[in-house]
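Peer 1: In case you want the letters, here they are:
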Amino acid sequence: MFAIASLCFIATLLVTTVVGVRLLAVARKTRQIPEFAMGLCGVSYSFGCLVRMAAQRMSDPSPQATMALIALGTFFLAMGSVSTGLAVWRIFRPNTRWARNLFCGLAGLTSVLWLSAMFSYDPSSPGATWALSREKSLIFLAMGMISIWAVFECLHGYRTMKRRVQIGLCDPLAANQFLIWGLSLCVAVFTIIIELYFNQILNITFLHSSAILLLVSILALTSNAGMLMAFFPPKAYRNWIAAHSMPESHSEVA
Amino acid sequence: MAKTLLDLIACRLEKETGFSRLVARGTVRAGLQAAGLDPVEVIPQHMKVMIEKVLPAELTSCGVEDTASVCRGLLNELATAESRMGKHTQSSPDDFFNRLNQR
Numbered sequence: 001m002f003a004i005a006s007l008c009f010i011a012t013l014l015v016t017t018v019v020g021v022r023l024l025a026v027a028r029k030t031r032q033i034p035e036f037a038m039g040l041c042g043v044s045y046s047f048g049c050l051v052r053m054a055a056q057r058m059s060d061p062s063p064q065a066t067m068a069l070i071a072l073g074t075f076f077l078a079m080g081s082v083s084t085g086l087a088v089w090r091i092f093r094p095n096t097r098w099a100r101n102l103f104c105g106l107a108g109l110t111s112v113l114w115l116s117a118m119f120s121y122d123p124s125s126p127g128a129t130w131a132l133s134r135e136k137s138l139i140f141l142a143m144g145m146i147s148i149w150a151v152f153e154c155l156h157g158y159r160t161m162k163r164r165v166q167i168g169l170c171d172p173l174a175a176n177q178f179l180i181w182g183l184s185l186c187v188a189v190f191t192i193i194i195e196l197y198f199n200q201i202l203n204i205t206f207l208h209s210s211a212i213l214l215l216v217s218i219l220a221l222t223s224n225a226g227m228l229m230a231f232f233p234p235k236a237y238r239n240w241i242a243a244h245s246m247p248e249s250h251s252e253v254a
Numbered sequence: 001m002a003k004t005l006l007d008l009i010a011c012r013l014e015k016e017t018g019f020s021r022l023v024a025r026g027t028v029r030a031g032l033q034a035a036g037l038d039p040v041e042v043i044p045q046h047m048k049v050m051i052e053k054v055l056p057a058e059l060t061s062c063g064v065e066d067t068a069s070v071c072r073g074l075l076n077e078l079a080t081a082e083s084r085m086g087k088h089t090q091s092s093p094d095d096f097f098n099r100l101n102q103r
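Listed in order, the protein sequences are those of chains A and B. Note that the working numbering gives residue 154 to position 154 of the first sequence, counting from 1, and the numbers run on in steps of one. Note that the working numbering gives residue 79 to position 79 of the second sequence, counting from 1, and the numbers run on in steps of one.
Some hints here could point you the wrong way.
[What the hints assert, rightly or not] Just a sample of chain A residues kept apart from chain B, beta carbon distances all over 12 Å, derived:
{"#": "1", "residue": "Thr17"}
{"#": "2", "residue": "Val26"}
{"#": "3", "residue": "Arg57"}
{"#": "4", "residue": "Val88"}
{"#": "5", "residue": "Ile91"}
{"#": "6", "residue": "Pro94"}
{"#": "7", "residue": "Leu141"}
{"#": "8", "residue": "Gly144"}
{"#": "9", "residue": "Cys154"}
{"#": "10", "residue": "Val165"}
{"#": "11", "residue": "Leu169"}
{"#": "12", "residue": "Val187"}
{"#": "13", "residue": "Leu214"}
[What the hints assert, rightly or not] For the chain A half of the interface with chain B, some residues (derived, Cβ under 10 Å), not all of them:
{"#": "14", "residue": "Thr160"}
{"#": "15", "residue": "Cys170"}
{"#": "16", "residue": "Ala175"}
[Claimed, not checked] Residues of chain A clear of chain B, computed beta-carbon distances all greater than 10 Å:
{"#": "17", "residue": "Leu13"}
{"#": "18", "residue": "Gln32"}
{"#": "19", "residue": "Pro34"}
{"#": "20", "residue": "Val51"}
{"#": "21", "residue": "Pro63"}
{"#": "22", "residue": "Gln64"}
{"#": "23", "residue": "Thr66"}
{"#": "24", "residue": "Leu109"}
{"#": "25", "residue": "Leu115"}
{"#": "26", "residue": "Met118"}
{"#": "27", "residue": "Ile167"}
{"#": "28", "residue": "Gln177"}
{"#": "29", "residue": "Phe190"}
{"#": "30", "residue": "Ser209"}
{"#": "31", "residue": "Leu215"}
{"#": "32", "residue": "Ala243"}
Simulated from the structure, these hints should not be mistaken for laboratory data. Being a predicted model, the structure only gives us computed values, none of them experimental. Ideal Cβ positions, reconstructed from N, Cα and C, are used throughout, including at glycine.
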């Protein structure tokens, strides 16, 4: 089971990296913040997962080295999450003050929690495990809040864009991309909830249990495959959307 | 003085139909909502499509008979406002995916 879980985990990292790098390549050409932020999110997320995995799989780890690696990994995961928040703000509500404040608040909260976790951890105390600390879980909670905001905006965006499609103001493909992105983020939020549950309630690190690693990896792979589909839809999917979306007729002014 | 496009179009609708200010604003807002547009951030190009394709049905449901003439009046008002305001470059959420899909 561990082999399958590991394969899923590696596939997740590969898909996330591909999405991130491709988005960064697009951002290089368009010079727009949303593409850059989502690209940074993909690359940070895969790097963060890789570092955390390495930290928990070291054969003879010193507490300091483990702590440094997990802190670094969590930093990149948090950076990925903050980047998602930045993209959501810039895509959906670039001129809205509350959205800017919400983004700044969540980004600030994530940073403060990460710093607090860094300074409150004492590796010399008996049984100290940074991976299971409350601070780390709070960071994940803040990351989850950003993802929940993103889910709300994507699904709300889909509803709005569906109406615009009917009067020819939006490409049907773009409207569906909001839906797929939103659903992928839903799976990502569910993955975070599962990790928090096992970490905080059951005190099990998912990297130490093959079954949980498999579950988390499958969920993460599903979420990231959805992101790939949303951001870079294959031709067959584009054709399918084009064939199945006919704008409704409206009475027009002569 | 009218501040937003919504105010401007609602004012003209009030004059064209004899609606009260509240009803005129409500009708335009209902049209914008049905078209999936934000009343605060709507741009002239999108407002034009809403007036052409969605508003006639809203007006008919409010008992207006000559909807085509009313909408033509609103489009004229919009054209005047647009020339006064200049070209809008406000972004829309789907711009993100449109940029990605062009690659």
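Peer 1: Now tell me if each hint is right for this structure.
Peer 2: Each hint tested on the structure:
1. Thr17: Label holds. Min Cβ-Cβ 17 Å, cutoff 12 Å.
2. Val26: violated (6 Å)
3. Arg57: holds (35 Å)
4. Val88: violated (10 Å)
5. Ile91: Check fails; 5 Å does not lie beyond 12 Å.
6. Pro94: violated (6 Å)
7. Leu141: holds (27 Å)
8. Gly144: Per Cβ check, Gly144 (chain A) is outside 12 Å of chain B; nearest 22 Å; holds.
9. Cys154: Label violated. Min Cβ-Cβ 9 Å, cutoff 12 Å.
10. Val165: At roughly 8 Å from the nearest Cβ of chain B, Val165 (chain A) sits no farther out than 12 Å, so the non-interface label is violated.
11. Leu169: It is violated; Leu169 (chain A) is separated from chain B by about 6 Å at its closest Cβ, not greater than 12 Å.
12. Val187: Fine: 19 Å to the nearest Cβ keeps Val187 (chain A) off the interface.
13. Leu214: About 32 Å separates Leu214 (chain A) from the closest Cβ of chain B, which puts it past 12 Å; holds.
14. Thr160: holds (4 Å)
15. Cys170: Hint holds; Cys170 (chain A) Cβ to chain B Cβ min 5 Å, cut 10 Å.
16. Ala175: Hint on Ala175 (chain A): holds, closest Cβ of chain B at ~7 Å, below 10 Å.
17. Leu13: Correct as stated: the minimum Cβ-Cβ distance to chain B is 22 Å, above 10 Å.
18. Gln32: violated (7 Å)
19. Pro34: violated (5 Å)
20. Val51: holds (28 Å)
21. Pro63: holds (44 Å)
22. Gln64: holds (42 Å)
23. Thr66: holds (39 Å)
24. Leu109: Nearest chain B Cβ is 25 Å from Leu109 (chain A), so the label holds.
25. Leu115: At roughly 31 Å from the nearest Cβ of chain B, Leu115 (chain A) sits farther out than 10 Å, so the non-interface label holds.
26. Met118: With a cut-off of 10 Å, Met118 (chain A) remains clear of chain B, as the shortest Cβ separation is near 34 Å.
27. Ile167: Non-interface label fails for Ile167 (chain A): nearest chain B Cβ at 4 Å, not farther than 10 Å.
28. Gln177: Its Cβ does come within 10 Å of chain B, the nearest being 5 Å, so this is violated.
29. Phe190: Its Cβ never comes within 10 Å of chain B, the nearest being 24 Å, so this holds.
30. Ser209: Answer for Ser209 (chain A): holds, closest chain B Cβ roughly 37 Å.
31. Leu215: Since the minimum Cβ distance to chain B is about 31 Å, Leu215 (chain A) lies beyond 10 Å and the statement holds.
32. Ala243: The claim stands: Ala243 (chain A) keeps its Cβ more than 10 Å from every Cβ of chain B (closest is about 16 Å).
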